[in-house]
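As a plain string of letters, each chain reads:
Number of protein chains: 2
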Amino acid sequence: MLAAALRDGTAHRRTTFEIFARRLPDGRRYGVVAGTARFVDALAQFTFDDEALSLLSDFCDRETLAYLADYRFSGDVDGYGEGELYFPGSPVLSVHGTFGECVVLETLALSIFNHDSAIASAAARMVSAAEGRALIEMGSRRTHEQAAVAAARAAYLAGFTASSNLEAQRVHGVPAVGTSAHAFTLLYTAPEGRPNEKAAFKAQVEALGADTTLLVDTYDITAGVANAVEVAGPELGAVRIDSGDLGVLARQVRDQLDRLGAHRTRIVVSGDLDEFGIAALRAEPVDIFGVGTSLVTGSGAPTAGMVYKLVEVDGMPVEKRSSHKESHGGRKQATRLAKTTGTVVEEVVHRYGEPPAGQRGLAERPLTEPLVRGGEPVGDLSLETARERVRAGLKSLPWHGLALSRGEPAIPTRMVARAT
Amino acid sequence: MLAAALRDGTAHRRTTFEIFARRLPDGRRYGVVAGTARFVDALAQFTFDDEALSLLSDFCDRETLAYLADYRFSGDVDGYGEGELYFPGSPVLSVHGTFGECVVLETLALSIFNHDSAIASAAARMVSAAEGRALIEMGSRRTHEQAAVAAARAAYLAGFTASSNLEAQRVHGVPAVGTSAHAFTLLYTAPEGRPNEKAAFKAQVEALGADTTLLVDTYDITAGVANAVEVAGPELGAVRIDSGDLGVLARQVRDQLDRLGAHRTRIVVSGDLDEFGIAALRAEPVDIFGVGTSLVTGSGAPTAGMVYKLVEVDGMPVEKRSSHKESHGGRKQATRLAKTTGTVVEEVVHRYGEPPAGQRGLAERPLTEPLVRGGEPVGDLSLETARERVRAGLKSLPWHGLALSRGEPAIPTRMVARAT
Chain A
1 MLAAALRDGT AHRRTTFEIF ARRLPDGRRY GVVAGTARFV DALAQFTFDD EALSLLSDFC
61 DRETLAYLAD YRFSGDVDGY GEGELYFPGS PVLSVHGTFG ECVVLETLAL SIFNHDSAIA
121 SAAARMVSAA EGRALIEMGS RRTHEQAAVA AARAAYLAGF TASSNLEAQR VHGVPAVGTS
181 AHAFTLLYTA PEGRPNEKAA FKAQVEALGA DTTLLVDTYD ITAGVANAVE VAGPELGAVR
241 IDSGDLGVLA RQVRDQLDRL GAHRTRIVVS GDLDEFGIAA LRAEPVDIFG VGTSLVTGSG
301 APTAGMVYKL VEVDGMPVEK RSSHKESHGG RKQATRLAKT TGTVVEEVVH RYGEPPAGQR
361 GLAERPLTEP LVRGGEPVGD LSLETARERV RAGLKSLPWH GLALSRGEPA IPTRMVARAT
Chain B
1001 MLAAALRDGT AHRRTTFEIF ARRLPDGRRY GVVAGTARFV DALAQFTFDD EALSLLSDFC
1061 DRETLAYLAD YRFSGDVDGY GEGELYFPGS PVLSVHGTFG ECVVLETLAL SIFNHDSAIA
1121 SAAARMVSAA EGRALIEMGS RRTHEQAAVA AARAAYLAGF TASSNLEAQR VHGVPAVGTS
1181 AHAFTLLYTA PEGRPNEKAA FKAQVEALGA DTTLLVDTYD ITAGVANAVE VAGPELGAVR
1241 IDSGDLGVLA RQVRDQLDRL GAHRTRIVVS GDLDEFGIAA LRAEPVDIFG VGTSLVTGSG
1301 APTAGMVYKL VEVDGMPVEK RSSHKESHGG RKQATRLAKT TGTVVEEVVH RYGEPPAGQR
1361 GLAERPLTEP LVRGGEPVGD LSLETARERV RAGLKSLPWH GLALSRGEPA IPTRMVARAT
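Note that the protein sequences, when read in sequence, are chains A and B. Position 247 of the first sequence, counted from 1, bears residue number 247 in this note's numbering, the numbering being contiguous throughout. Numbers in this note's numbering are just positions in the second sequence, counted from 1, shifted up by 1000.
In case anyone wonders, no lab produced these hints; they're calculated from the structure.
Derived, one-sided and incomplete: chain B residues facing chain A with beta-carbon distance under 8 Å:
(1) Ala-1003
(2) Pro-1302
(3) Val-1313
Computed far set for chain A versus chain B, every beta-carbon distance over 12 Å:
(4) His-263
(5) Glu-284
(6) Val-378
(7) Leu-394
(8) Ala-403
Here a beta-carbon is modelled for each residue, glycine too, at the ideal position from N, C-alpha and C.
Produce the complete structure using the sequences and hints provided.
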């Protein structure tokens, strides 16, 4: 595409590409925008070195290679603040520049937004289901080794407390926490093959202090809890249960801990939890949820289904006309309308620079912000700000918007017709 | 875990960790082992630099940091050849070394195997459904930007023809191919806003020659095909259809191409295809399938569900005993039994060095191979060999094993009891 468009000069036409989702996955009621800061960061690094150009010389003519050798995105990007909720048709990102500089960004932009938004959207449902209890992301081993780092970030963005991924702490500042695995307890098997859980607990407490989390379900949970409190004392930080009927076990373990005087020892549960499993445990004495597989796989929706579409060429709206996949041409902005109570009622997508007339009694909040100007990042791209946007977004939804069941988007999206 | 085990010396006990899947996902009948070569490669690079150690100093004591500063895996790894089929309980990988050197590999090993095997397992079903027709992987934009590269490799390993991911060519040698997007056709919109598909086709043919693939469904498919052949002539390489009822459209387009004399112009279809969609198009004149989302998300099973379990300590089998998650202790090997026709009948998992007695009339093929000795890679880790293993594996399945419907594993796995 680039080679052909460079040849006849059309690569230099001014364009706008837009990222949006035609629908929310799986009967979801809202999505969470994630990946914005990662994309802006990646944009600055998106250049072609000699090795890349040498590979591309099999595919591209000399003019195209010369163009890529000098490539550096110098256009503008607008979009939703990271952490904002989105709905079908929300113009989550708009990229403005020449066709040449925008078209080569498609895969990068979509990969980041489709992955990160899928994870954050699932994570927000878990956060909402946990009603204030702590959630730890521990799914690294269930997804690609680099995707795991981005998944830990997306989970934290959506309201998780921490992650077991140390690289996510290094790269993104996500708080890192960890627990021990069954292998650690099994390691302390005595020479004659006899289990020796107490030896494992003792070693862990000696290394990390009593305020650690002991995994109590390697052999027998009741014996495990007794061993744990015997070794660490009633100041034991937490016990983790990773198998069985978590609700029943949490109650039994709470009773046992209390009987042993370990009133402040918390209970961590893990093991194939998703938002439904978390909601089902709300009435149980669980303090912390550990979530793995369902988090990093988007709990049934591993990709957000966002697309990157050319919507404007030299100021003219353009759109695909063939069956079933209509896009709405023209550069756009969005506004969210809310009642005076703060509850949102509608998303309005309108042509850039042409905000629709306000509605009596409804507050309007513009959603589209400048993210990049002349190739340089602008605005607040911090993870803490994004976390705050998710918190505020979840609070702003009408009650049915937070339901975990399959349903319609929490609020409708109104596409305001072009003035032209 | 490492800090505690280093403190009292247990970190130096000899251990075996095993990777296996307790079950196949989603009623699948077989899985494809993928990630082996990536893991062996990553193993050599798994060390801790000063920056990593500095971060870890918040978590680890001095002894642990010193251990990690010198860390280099020096043990042995055995496993299934990459591309072998696997079933529940198959010991896909065995890692032998001290507890310290093995335990820190868990996340790396599982991330690679769970991701790559999920993609390869889905891809193999698509390859089998396509019955010899070409498949192009084009899902990069639907998954994390680095996962996309591994997904392209896993798809190729399982029998895909090529990928649109150039990085996968650079890193893994996967053949790269591409087509144009709707944005390219829309770019050629004439100044007054009039669509100008012919101008786009002309630019593409001038840049890439007539043996290119023109995307014909931006506006009207019949007009698109007419424009394509008018511009490129009957030597046009291919047309791509990306929307609508692909079967009906493929027939119409084939008729139209033949009427226009473009008998050798091939038809590429894409658009939300999975193995079922591919199978449904088997009777249609489709030459090439382009597969995106469903491939990179494992077609409903985005992770292979493999686990990394400690099975042996200082020669003693160890296993977890709590509810519902039993593992089978002891270092193991596996053998696959087949009829003289080559059709496989059973997977036998047995204790290391104790092969079970042969069965009359059945051929035995050992599955466990040395992959790493003393930290150094051994054996054939090439992608072409892995592709050949998938081809041979699919051919060896009983007929019901290739059915796309939900079912039981194609062959049973027999766990031979320990001799001890």
